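Protein sequence lines, in the order shown, are assigned to chains B and V.
At position 17 of the first sequence (counting the first as 1) the number is 18 in our numbering, and the numbers step up by one without a gap.
At position 191 of the second sequence (counting the first as 1) the number is 192 in our numbering, and the numbers step up by one without a gap.
Bear in mind the hints are in silico, worked out from the structure with no lab data behind them.
Hints are not guaranteed to be accurate.
As the list makes no split between identical chains, a pair holds if one copy fits it or if it spans any two.
Claimed, not checked - Each computed DSS-like pair below joins lysine-lysine, with the alpha-carbon atoms no more than 27 Å apart:
hint: 1; residue 1: K286; residue 2: K186
hint: 2; residue 1: K215; residue 2: K258
hint: 3; residue 1: K186; residue 2: K278
hint: 4; residue 1: K186; residue 2: K215
hint: 5; residue 1: K215; residue 2: K278
hint: 6; residue 1: K258; residue 2: K278
Just so it is clear, the structure is predicted and the values come from calculations on it, not from any experiment.
2 protein chains.
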Amino acid sequence: MNLLVVGSVAFDNIETRAGEGKRLLGGSATYFSLAAAPFCTSRIVAVVGEDFTPEYEEVLTNRDIDIEGLQRAKGLTFAWGGTYSENFETRETQFTDLNVFADFSPELPASYRDSELVFLGNIQPSLQMDVLRQIDNPGLVAADTMNLWINDNREELLEVIRNIDILFINDEEALLLTGPYPLLKAASMLLEMGPDRVVIKRGEHGAFLFGAGKNFYVPAFPLDDIVDPTGAGDSFAGAFMGYLAQEEELNDESFRKAMITASAVASYTCEGFGVEKLKRLTPEKVLSRSEEIQDLTSI
Amino acid sequence: MNLLVVGSVAFDNIETRAGEGKRLLGGSATYFSLAAAPFCTSRIVAVVGEDFTPEYEEVLTNRDIDIEGLQRAKGLTFAWGGTYSENFETRETQFTDLNVFADFSPELPASYRDSELVFLGNIQPSLQMDVLRQIDNPGLVAADTMNLWINDNREELLEVIRNIDILFINDEEALLLTGPYPLLKAASMLLEMGPDRVVIKRGEHGAFLFGAGKNFYVPAFPLDDIVDPTGAGDSFAGAFMGYLAQEEELNDESFRKAMITASAVASYTCEGFGVEKLKRLTPEKVLSRSEEIQDLTSI
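Taking the hints into account, I'd like the entire structure generated from these sequences.
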């Protein structure tokens, strides 16, 4: 099945205790599509500026990512800078220059309209709906969101949530949407809003899958050393959807295997700066770590 | 195998969004021994005051807990009061009246000296060592600790850690001991301090077992409603050690099964005020929840 992602492509300045990197290729659509790359090609819908040179483009095309939907606009590419606290518990944003992303209006090439798996990355909810409307007959739609939209665009976000099959959300955002409840109760409330499944991401504490099928939990793989956790959540979603895209048929077990695959790929992301570790990630490496993750909870 | 625990017996005033309870039987030795009760009897070493009436005593003796080592002192029993924030993220201590616990000097009855499994609950490290010295030939010794001793009695605590087989510690305390590192690295550093195994408790985020055998992780059971998390950590340790006490022979797998059992019992503790749910906990109920916990991570 083919996979489409809409989201951001950005230049990131990142500082962690392991070092720093400037103008690293980042953004949700970048991490997502590279994380899906060991399993399937994906179609990317995003916008970049005139400073997006061929070297950056090649990071995507080298992994067979379809960039026909990557719009070129006058101006500069979205740029973001952040500094992580010593033990990665907090992150301070140094700057957010939306640049061409501020006027992003996603328009899908005709060749993208038959997309079967769709991931609406974390952008303004009304833009997520715009993308969804341009797809003829999507088979499975997932979306991510963030506190900004939960606070400022709640009604539009609720419309998105009514129209998707899987919601990806982190635990803090989940409680911001539902109110302060135990996670299981918050999950039930999110499921009542529309989706069949909810994936609640908890960073270093793993992730839960609630909804159709049984409840499932995957731990985060414990790392000896963390280099840069930027994009781990987008990588999680990308590997999850990428895994599903290569399945012949989707059943409950497929989603559980997708969770383990997602945790494996997200852990690789954290082991390098930016997308460094994702660039050359192979299905074999992912499988090997997936087995290690399963072994963590097996008696 | 017989099991000994040294720790506190206390009266707790607890307030959560689910309600409040006053003069509830609490304390680390209480939660520990009641959590072990579905699996084995335990011997308790603690101190209570003149206000410790037969009704409280019966909560322990009804579960066949051996209270010969429960000292009676002039004065009042240790009392503590705490209020949990709405979603149980923080806890504010209202009062801590050490009372007879301030002069606690653990003295073991002669009948306790042959104890095989020993749990040194969270008390002053030098008192933990005093208890250990009074046991002839312990087969397996575990200990818990807290930030107070890590900060104020580090050298004595390190002596305890050198002399035990299993350290129980929560993730914040672990990093307070080792410095701010990824959990896996902190675990290696703790193992270098002496114990064969380290159990890192993460509250609602489950627990890790590091050391001899493979690394193992057990999630916390997601609850629809949390009533009172007081004593969940002590219950975890009690069920862990209780499970081991009933095993014919201890191998690596025993410790992994003990982790799952511990998570199951700790989740029951959170479903009632104080020790309410532990009072009547049966091996069947624990087994049933243990299976649910295993099912959470099985494909």
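Hint by hint, here is what the structure shows:
{"no.": "1", "hint": "K286 with K186", "verdict": "between (36 Å within a copy, 22 Å between copies)"}
{"no.": "2", "hint": "K215 with K258", "verdict": "both (13 Å within a copy, 22 Å between copies)"}
{"no.": "3", "hint": "K186 with K278", "verdict": "between (36 Å within a copy, 21 Å between copies)"}
{"no.": "4", "hint": "K186 with K215", "verdict": "within (15 Å within a copy, 33 Å between copies)"}
{"no.": "5", "hint": "K215 with K278", "verdict": "between (32 Å within a copy, 26 Å between copies)"}
{"no.": "6", "hint": "K258 with K278", "verdict": "within (21 Å within a copy, 35 Å between copies)"}
When each numbered hint is compared with the structure, no violation occurs for any of them.
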